[in-house]
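S.K.: The residues making up each chain are set out below.
Protein chains: 2
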Amino acid sequence: MTTNFYAPPSALRGRRVVLPEAEARHLRTVLRAQEGEEVVVVDGEGGWYRARIDHLTPDQVVGTITEQREDVGEPAIEVTVGLGILKKRSRFETFVEKAVELGVRRIVPLRTRRTERNSIRKDRLHSVMVGAMKQCRRSWLPTLTAPQSPESLASASDAAAEFVCHSGDDAVPLHRAAGRARPFDEALVLVGPEGGFADSEVEAAVAAGGTVVSLGSRRLRAETAGLAVLQTLIGPAASERVPN
Amino acid sequence: MTTNFYAPPSALRGRRVVLPEAEARHLRTVLRAQEGEEVVVVDGEGGWYRARIDHLTPDQVVGTITEQREDVGEPAIEVTVGLGILKKRSRFETFVEKAVELGVRRIVPLRTRRTERNSIRKDRLHSVMVGAMKQCRRSWLPTLTAPQSPESLASASDAAAEFVCHSGDDAVPLHRAAGRARPFDEALVLVGPEGGFADSEVEAAVAAGGTVVSLGSRRLRAETAGLAVLQTLIGPAASERVPN
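Here the protein sequences line up with chains A and B, keeping their order.
Per our numbering, numbering of the first sequence is gapless, rising by one per residue and ending at 246.
Per our numbering, numbering of the second sequence is gapless, rising by one per residue and ending at 246.
By construction, these hints were calculated from the structure, which means they are not laboratory data.
None of the values given here were measured: they were computed from a predicted structure.
Here a beta-carbon is modelled for each residue, glycine too, at the ideal position from N, C-alpha and C.
Don't take each hint at face value.
Claimed, not checked - PhoX-like cross-link-like pairs, simulated, lysine-lysine; straight-line CA separation at most 25 Å:
hint: 1; chain 1: A; residue 1: K89; chain 2: A; residue 2: K124
hint: 2; chain 1: B; residue 1: K90; chain 2: A; residue 2: K90
hint: 3; chain 1: B; residue 1: K124; chain 2: B; residue 2: K90
hint: 4; chain 1: B; residue 1: K124; chain 2: B; residue 2: K89
hint: 5; chain 1: A; residue 1: K124; chain 2: B; residue 2: K124
hint: 6; chain 1: B; residue 1: K90; chain 2: A; residue 2: K89
hint: 7; chain 1: A; residue 1: K124; chain 2: A; residue 2: K90
Said to hold, decoys possible - Label-pair distances were calculated between CB atoms; the ranges are:
hint: 8; chain 1: A; residue 1: D160; chain 2: B; residue 2: R184; range: 41 to 51 Å
hint: 9; chain 1: B; residue 1: G38; chain 2: A; residue 2: D160; range: 27 to 37 Å
hint: 10; chain 1: A; residue 1: R27; chain 2: B; residue 2: R34; range: 27 to 37 Å
hint: 11; chain 1: B; residue 1: E118; chain 2: A; residue 2: D187; range: 36 to 46 Å
hint: 12; chain 1: B; residue 1: G211; chain 2: A; residue 2: E118; range: 30 to 40 Å
hint: 13; chain 1: A; residue 1: D201; chain 2: B; residue 2: R178; range: 34 to 44 Å
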């Protein structure tokens, strides 16, 4: 099988795994799996399992775990990205999909002075995230929190490295700031909506320990900036754990 | 004005600039510009101009150049990315938009063993690229070539650094490969379509001087891989030239 399957921890008991209905249907009707075949199942909380299919019915697949590992496909650092809720939902979705691939651990939609939209489609984003987790063969499903303000996110964070994307004279190039902060296990990144952060939001993040960073001489779209930061932070710390 | 405008070199003569019709309409009807205001115009070939608006008619805007600079918003290295033509056109478009923002210089749609689509919508991609160039305040419009094979692209390239994204035991982590290759002025990156490159394509690229690189333990979608490589190569070499 070229994709992983997702079963929450509650679907796993001892050596037995029962795939949720949608996953079972996909395995059966799209991939035409047969009894006796092997699949990889992840539980979204770091659990990675190889399982042999025992029973296939129209809406249930039951398997036996033959191998178990932890944190397959996970980066060595945990990065939280707070991104301003964007006007175009499709751009936030693109961010979420690719952020999961690039190894984000937690996504926080931000309500800021300049966001023009207050809500996200949580179910839709959750399903994009599950799809990306399976496709890229991670074993953690990143957390998607409820929308909050950048001030509350920054003040509640105890990450060793905190970066606020904001152009300005006092901004440090991200590469330099990240290099100075290394090594760190945990990082927080704040990216504003289309219009960027208000000065008071940047000041609050700095007061909470954040470093103002710039991403170079091109003005990146908010979602592009979020992805560029993730690659810059996680890329060099790529996990040695090899999937399947 | 928060965006740049685009006028090809033919629209510039001496200190006079005549904006193309679509740009003129946008400036007039959406942004409600007035005579005497200043705008930034780029010519897509590195030319950056500040211009004062002299005349505004329903479909023409004529201005006088008051300041001229070169290569504003451009990175210090020229990166060509060859990306397999993707099944979903929207994914190729997402790549093109964000590649322009991240500083790509040339995009080559690749026809490979495993591409399932042979053509691109050149006009549509061109307009995405122009939009991204203006939005991110670059002065070069990256080149979009006709589709070609990875073999012909690799053999025609004389870039000092050439990278082929392909998972496998002999793949070097991209960060390490890029570090070893630095400093370089020019780089070529090859990324396969959804199913990756065939072995023979990888061998041809290696024979032409390419290094096989991996992007870590997560299997990235093709367009995500292309963007991750761009940020890894260009990010640390971010230009010191500051836009507007």
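S.K.: Now, for every hint given, state plainly whether the structure supports it.
M.R.: Results for each hint:
1. Restraint check: the Cα-Cα separation between K89/A and K124/A comes to about 15 Å, which is no more than 25 Å; the hinted pair holds.
2. Restraint check for K90/B and K90/A: the C-alpha separation of about 20 Å stays at or below 25 Å, so the hint holds.
3. Distance check on the hinted pair: K124/B and K90/B sit about 15 Å apart at the alpha-carbon level, within 25 Å; holds.
4. The suggested pairing of K124/B with K89/B holds, with an alpha-carbon distance near 15 Å, which does not exceed 25 Å.
5. A threshold of 25 Å between alpha carbons decides the hint, and for K124/A with K124/B the separation of about 35 Å lies outside it, so the pair is violated.
6. Restraint check for K90/B and K89/A: satisfied, since their Cα atoms lie roughly 23 Å apart, inside the 25 Å limit.
7. With a C-alpha separation of about 15 Å, the suggested pair K124/A and K90/A falls inside the 25 Å cut-off, and the hint holds.
8. For the hinted restraint 41 to 51 Å between D160/A and R184/B, the CB-CB distance of approximately 35 Å leaves it violated.
9. Range check, G38/B to D160/A: Cβ separation about 53 Å, and the 27 to 37 Å hint is violated.
10. Between R27/A and R34/B, the C-beta spacing of about 54 Å breaks the proposed range 27 to 37 Å.
11. Hint check: E118/B to D187/A, Cβ distance near 41 Å, so the stated range 36 to 46 Å holds.
12. At about 49 Å, the CB distance of G211/B to E118/A disagrees with the hint of 30 to 40 Å.
13. Here the CB-CB span from D201/A to R178/B is close to 40 Å, well matched to the stated 34 to 44 Å.
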